[in-house]
Amino acid sequence: MPDYDGVVIGAGNGGLTAALSLARKGLKVLLLERHNIPGGCATSFVRGRFEFEVALHQLSGMGTEKKPGPLRGILGELGVLDKVEFVEMENLYRFVIPGECDLTLKAERRAVEQTLQDKFPEERESITRFFNLVYKFCTEMVSVAFLRDPQASWEKYPTYFKYALKPSQKILDEYFQNPFLKAVLSAYWGYTRHGCCLSATWRLSSGPTSNSSHFILKAPPRPFPMVS
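Sequential numbering of the sequence shown, starting at 1, is according to my numbering.
Some hints could be false.
Below 20 angstroms or equal to it, Euclidean Cα-Cα: the simulated PhoX-like pairs (lysine-lysine) are [claimed, not checked]:
| no. | residue 1 | residue 2 |
| --- | --- | --- |
| 1 | Lys170 | Lys136 |
| 2 | Lys136 | Lys119 |
| 3 | Lys166 | Lys156 |
| 4 | Lys156 | Lys170 |
| 5 | Lys106 | Lys83 |
| 6 | Lys166 | Lys67 |
| 7 | Lys182 | Lys156 |
| 8 | Lys106 | Lys170 |
| 9 | Lys119 | Lys106 |
| 10 | Lys166 | Lys136 |
| 11 | Lys182 | Lys119 |
Hint data in this document are derived by calculation from the structure and do not stem from the laboratory.
Modelling step: build the complete structure from the supplied sequences, incorporating the hints.
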């Protein structure tokens, strides 16, 4: 068996990124995956005439060309950003309670606020305050959780430290009275809260977004062997 500088076990998004990062630095890398396709949770499967995504259905963190997000930067560094075409998504999700509520929320903060305020006018001011909180929290979270600010503290990032471990029900109860509004907002809480509506979200121009990890293997020539 040949010698390798690094062996990466698992070809999910993290494993693919790690393997490609090492290979682009000139290291000899072996990527191991027990499934017959790469991608981990970022894959899809077919049942009959339907294709189901295992997890991802949109990409946040891409930002725009003028205001690039961290994911756009990572894909650029890996040399795969120009290998696929991204399409900006118009809608985040549709929430339906038969006979009570049917709302489609746009992938843009002000549009989301307006849709919710039109449906729940008695909560207008609370909706604005809530999304101000989400914006502030997400901004501080980037500095604390992603940029790893060594000086992070309650005094410097009060919103993050106050709400990071607080149950979503308590936060929603703090801001709202209407149970249907709380239900609409809670639909995304376990996914990305609502930070995804603060910046652009994207999908691939063809095929499901869950296959997005496959384009990491498109970096020509493929810089590492993958064994499954």
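Structure-based check of all given hints:
1. This hinted pair checks out: Lys170 and Lys136 have alpha carbons roughly 18 angstroms apart, not beyond 20 angstroms.
2. Restraint check: the Cα-Cα separation between Lys136 and Lys119 comes to about 24 angstroms, which exceeds 20 angstroms; the hinted pair is violated.
3. Among the hinted pairs, Lys166 with Lys156 is consistent with the structure: their alpha-carbon atoms are about 18 angstroms apart, no more than 20 angstroms.
4. Proposed proximity of Lys156 and Lys170 is contradicted: the alpha carbons are some 23 angstroms apart, above 20 angstroms.
5. For the hint linking Lys106 to Lys83, the alpha-carbon distance of about 27 angstroms lies beyond 20 angstroms, and the restraint is violated.
6. Between Lys166 and Lys67 the CA atoms are separated by roughly 30 angstroms; this puts the pair beyond 20 angstroms, and the hint is violated.
7. Our distance criterion of 20 angstroms between C-alpha atoms is broken by Lys182 and Lys156, whose separation comes to about 29 angstroms.
8. At most 20 angstroms may separate the alpha-carbon atoms for a hinted pair to count; Lys106 and Lys170 exceed this at roughly 25 angstroms.
9. Note on Lys119 and Lys106: the hinted pairing holds, with a Cα-Cα distance of about 14 angstroms set against a maximum of 20 angstroms.
10. At most 20 angstroms may separate the alpha-carbon atoms for a hinted pair to count; Lys166 and Lys136 meet this at roughly 15 angstroms.
11. Restraint check for Lys182 and Lys119: the C-alpha separation of about 12 angstroms stays at or below 20 angstroms, so the hint holds.
Going down the numbered hints, you'll see the structure goes against 2, 4, 5, 6, 7, 8, while the others check out.
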